[in-house]
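Trainee: Sequence order for the protein chains is A and B.
The first sequence runs contiguously to residue 68 in my numbering.
The second sequence runs contiguously to residue 1456 in my numbering.
Just so you know, these hints were derived from the structure itself, not from any lab.
One thing to keep in mind: the hints can contain errors.
Between beta-carbon pairs, the in silico distance windows are [as the list claims (entries may be wrong)]:
#, chain 1, residue 1, chain 2, residue 2, range
1, B, ALA1345, A, ARG39, 42 to 48 Å
2, B, ALA1142, A, ASP20, 40 to 46 Å
3, A, VAL27, B, PRO1199, 48 to 54 Å
4, A, ARG8, B, ASN1374, 39 to 45 Å
5, A, PRO47, B, GLU1125, 14 to 20 Å
Coverage of chain A stretches by chain B, computed from C-beta distances (three or more under 8 Å per stretch; other residues unrestricted) [stated by the list, open to error]:
#, stretch
6, 8-14
7, 53-61
Note that beta-carbon positions come from the ideal geometry of N, C-alpha and C, so glycine has one too.
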Amino acid sequence: MSEPVNIRLLGPGTRVALVDGATAEIVSNPLDGVWVFARYLSSPDDPARVGSEEMIFAQDIVEIQGGT
Amino acid sequence: MANRRGYDSGLVDLNAGRISREIFVNEEIYREELERLFARAWLFVGHERQIPNPGDFFVSGMGEEAVILCRDRAGKVHVFLNSCRHRGMKVCRYDEGNTPVFTCPYHGWSYRTDGKLVGVPYFREAYHEQLDKSQWGLVEVAQLCLYKGTVWATWDPAAPPFLEYLGDFVRYFDLSLDGWDGSEGGTEILFGVQKWLIPCNWKFPAENFCGDSYHNISHRSVDLVGIGPSGSGRRDMQERLMARRLQISFYDRGHQTGVYLFPKDQPMPPSYQHSPLVAEYFAYCEEERRKRRGEWARVIGSPGEIFPNTALHPRQPRTIAVWHPRGVHQTEVWRWYFVDTAAPAEVKNFLRDYYIRYSGPAGMTEQDDMENWNYAHAASRGTIARRYPYSYEQGLGFETERYEWQGLHIPGTVMDITEAKSSEHNLRNLYRRWAEFMEAESWDDLATWRVARAAE
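Bound-form chain A, shown alone:
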């Protein structure tokens, strides 16, 4: 099991991997430690989500992939 990600440290532009295999880029962070706003870069389960902006739950973020 991977280490939990401290999402309060994720700034705009950071790319993250999600638990369902999707990837997303942080758009903004309200710093509540629970949610970030992010844009989907890939979504194998639901390709229609790519490009859309959603609130991503902290526990759905499994890995930081790069970016700022």
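Knowing the structure of chain A, use the given hints to seat chain B on it.
Mentor: Just chain B now, kept in the frame of chain A:
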């Protein structure tokens, strides 16, 4: 009214001028107050200056409950119950700040600043996308009113609009919100809000600020110290030597205030003599005020109360206080301080120092008051003490319906206490309205002025 509870004839007997101690110390009556007063009346929530930008919020209170005063992304002001719809956790645990969302730390439900539920963890997996988010937004007040920067709200959709709730009392409320030069709403608040707890029922401070001038002896030591802005007393009180001193009640609304009514064409005595710059500013404002307000400029504000729990202190110092109930035996006081927006920084700084000397938990005058309220409450809780009512007989029967002096009519039911020195006229009015709220089943029973107007 079909369901009389005996508040008027038993616990609140205004014909005899007696009020039972039970209404200050009885748990059952207190629980009923929360429902019948605080869930139905208009309550002061804060000031627009506390939330100037989109996303700004300030956590306030209505009755016992925490509410969030915030400005959404579109700039609209809202007041929400600070409680997650999922399990009730506070969604905001800061006093103030700026945020795009209010997120519940318990299970993570998240709400936009317009109250809409936007974040639900495992929405797809656990709720199968079937939870109707539109039904689970933050609970919003039934009505909201912005008046000259102040923010008011009520939980009751049937309550009359705020300005109707005030009636003609708005003219006295304006004495707290207009600039000293008479400019409309020309005031701003000095950050931040002072908050503190006192061990007494909320009605002790409420009645005190209705215009209880009988307790002046309590402040004798402050007067001797001379904390006033001219170096003596606690305020500039020269007006007492020349003005009529009035207590004014609005029987159908429950609001009341004191005022000083100046004689026609008399110059205002000098004030703020401790600082030539400040004295000059207020002398200038007085000239401007007379030009703008005409005869009404003869009316100088004194402490008052907007029913049920908002206290006005319109002159020296200029403040608004809310008496938040925190159980039958405890009150949380929140006090906002006001200055003219257009005043020079030196004037604002001078006033800040003076205000803090006078009011708040460390203010010398407010400490005197708290000593009285707290010990009066403690000494009224006992089994024997509760058997004996308080006396509110002062000036009973000496009110005037149509008061006029030197050509100026004064709205409201007036008690001229220039010679009498003191009266409990305004205090009786607070409890008159209190009893009406406790008895009334709905606003149909409370908005009596509508019935009177329809009959005309």
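Trainee: Could you work out which of the previously given hints the structure breaks and list their numbers from low to high?
Mentor: Of the numbered hints, just 6 does not hold.
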